[in-house]
Amino acid sequence: MVQHFHREALSASDLLTMRQAVFILTTTAIIIVIINNTGAVLSNRKKNPADKLDMAKDSVDDQFKGCDEETYKRVMDKILDDELNKDAEFKRLWNEYSNIKDPFTRIIKVYTGSIEIHSKFNDAVKSGKNYYPQKFNYISFHFLLTRAVQIHKVKKCIDVFRRTDVSFETPKINDVMRFGGFASSSHRDDLTDFGRKSCFKINTCYGADIAELSVMPKEKEVLVPPFEKFTITNIEKNQMKCEVIYTLKSVEAISNMNCKLVQKLY
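For the sequence shown, UniProt numbering begins at 1 and goes up steadily by one.
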């Protein structure tokens, strides 16, 4: 006898119920993923608080007092070429201005000619003290730019303006700070493309007026060095197209390292 097995067709209502169940499960899974991702983002935010306006203790802040000639020789004899060969953007810009024989003028062109190298270099300067010089990739860049700022230092203290898109933990009046990196500022206060969050009215006595040497002369740039110490004298909110403005008064030039390249590298 041939046996026939019959499978009953699902009714329309059964199909609808199954589709609803699948939809609910899928939606639940998506919600769980979103919650987990949101939690991860919030967790990361907690681990990465706003930057601080402090003395930037990890900064490569060497002023090369008493060793600038010896350091210059060692940089130009070997270190510069080694670092150029390791950084394509640095090499490209350095070669672009090969017609400029003065290395201190040339490094200003390099610094002002590329946002990419400007950002990478300053990130390294702000955090590189503990691995300088062995694992610091901008020895020559840092030395040449430091000397350039010293050579072109303003003859008297001047007032300049700095804009950023960075938020900082709110400091107190009379707190002291350094930028820790080379801080671009300007004779102009209307360069809003540079930021509207945290702005600085800076009284600098060690900055360099590099406007005539910059790739962007219209920006009227004054470059403030990592080692200049300031007192925060005032804090204003929602002024001059800035969320907050910190007023800084120069105190002194102060470094935690000096001639470290000469002492450690050779």
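Hints were generated in silico from the structure; no laboratory data involved. Worth double-checking, as some hints may not be accurate.
With a Cα cut of at most 25 Å, we get these calculated SDA-like pairs of lysine to any residue [to be verified]:
hint : residue 1 : residue 2
1    : Lys220    : Gln263
2    : Lys155    : Lys91
3    : Lys218    : Phe136
4    : Lys120    : Lys237
5    : Lys156    : Lys197
6    : Lys197    : Lys249
7    : Lys218    : Glu252
8    : Lys101    : Glu70
9    : Lys220    : Thr192
10   : Lys91     : Lys52
11   : Lys109    : Asn130
12   : Lys237    : Lys155
13   : Lys52     : Lys155
Each pair of labels, with its calculated beta carbon distance range [as the list claims (entries may be wrong)]:
hint : residue 1 : residue 2 : range
14   : Ile100    : Asp165    : 27 to 35 Å
15   : Asn238    : Asp193    : 33 to 41 Å
16   : Lys73     : Asp159    : 31 to 39 Å
17   : Gly66     : Ser119    : 13 to 21 Å
18   : Glu252    : Ile173    : 37 to 45 Å
19   : Asp82     : His118    : 18 to 26 Å
20   : Ile254    : Lys155    : 34 to 42 Å
21   : Asp77     : Lys172    : 41 to 49 Å
22   : Asp193    : Asp82     : 32 to 40 Å
23   : Arg92     : Asn258    : 27 to 35 Å
Virtual Cβ for every residue (Gly too), placed ideally from N, Cα, C.
Please test the hint of 18 to 26 Å on the beta carbon pair from Asp82 and His118. Since the Cβ atoms of Asp82 and His118 sit about 21 Å apart, the hinted range of 18 to 26 Å holds.
Proposed proximity, Glu252 with Lys218 (alpha carbon, max 25 Å)
Violated, because 29 Å separates the two Cα atoms, which is more than 25 Å.
### Task
Please work out if Lys237 and Lys155 have their alpha carbons no farther apart than 25 Å.
Answer violated: Lys237 to Lys155 is near 32 Å, above 25 Å.
Quiz item: Taking 25 Å as the top limit, are the C-alpha atoms of Lys197 and Lys249 close enough?
Solution: 20 Å, holds
When you take the CB atoms of Glu252 and Ile173, is the distance between them in 37 to 45 Å? 19 Å, violated
Restraint check for Lys120 with Lys237, where alpha carbons must lie at most 25 Å apart: It is violated: about 30 Å lies between the C-alpha atoms, which goes past 25 Å.
Need the status of pair Lys52, Lys155: alpha-carbon distance at most 25 Å? 30 Å, violated
**Q.** Pairwise hint evaluation, Asn130 against Lys109, where the allowed Cα distance is 25 Å at most
**A.** The hint is violated at about 28 Å.
Can you let me know if the beta-carbon spacing of Lys73 and Asp159 is within 31 to 39 Å? The hint (31 to 39 Å, Cβ to Cβ) holds, given that Lys73 and Asp159 are roughly 37 Å apart.
Are Asp77 and Lys172 spaced within 41 to 49 Å by their CB atoms? Check passed, 47 Å falls within 41 to 49 Å.
**Prompt:** When you take the CB atoms of Asn238 and Asp193, is the distance between them in 33 to 41 Å?
**Reply:** Violated, since Asn238 and Asp193 (Cβ atoms, about 19 Å apart) do not stay within the stated range.
**Prompt:** Under the criterion that the straight-line Cα-Cα distance not exceed 25 Å, is the pair Lys218, Phe136 satisfied?
**Reply:** Roughly 32 Å separates the two Cα atoms, so the pair is violated.
Checked against the numbered hints listed earlier, the structure breaks hints 1, 2, 3, 4, 5, 7, 10, 11, 12, 13, 15, 17, 18 and 20; every other hint is satisfied.
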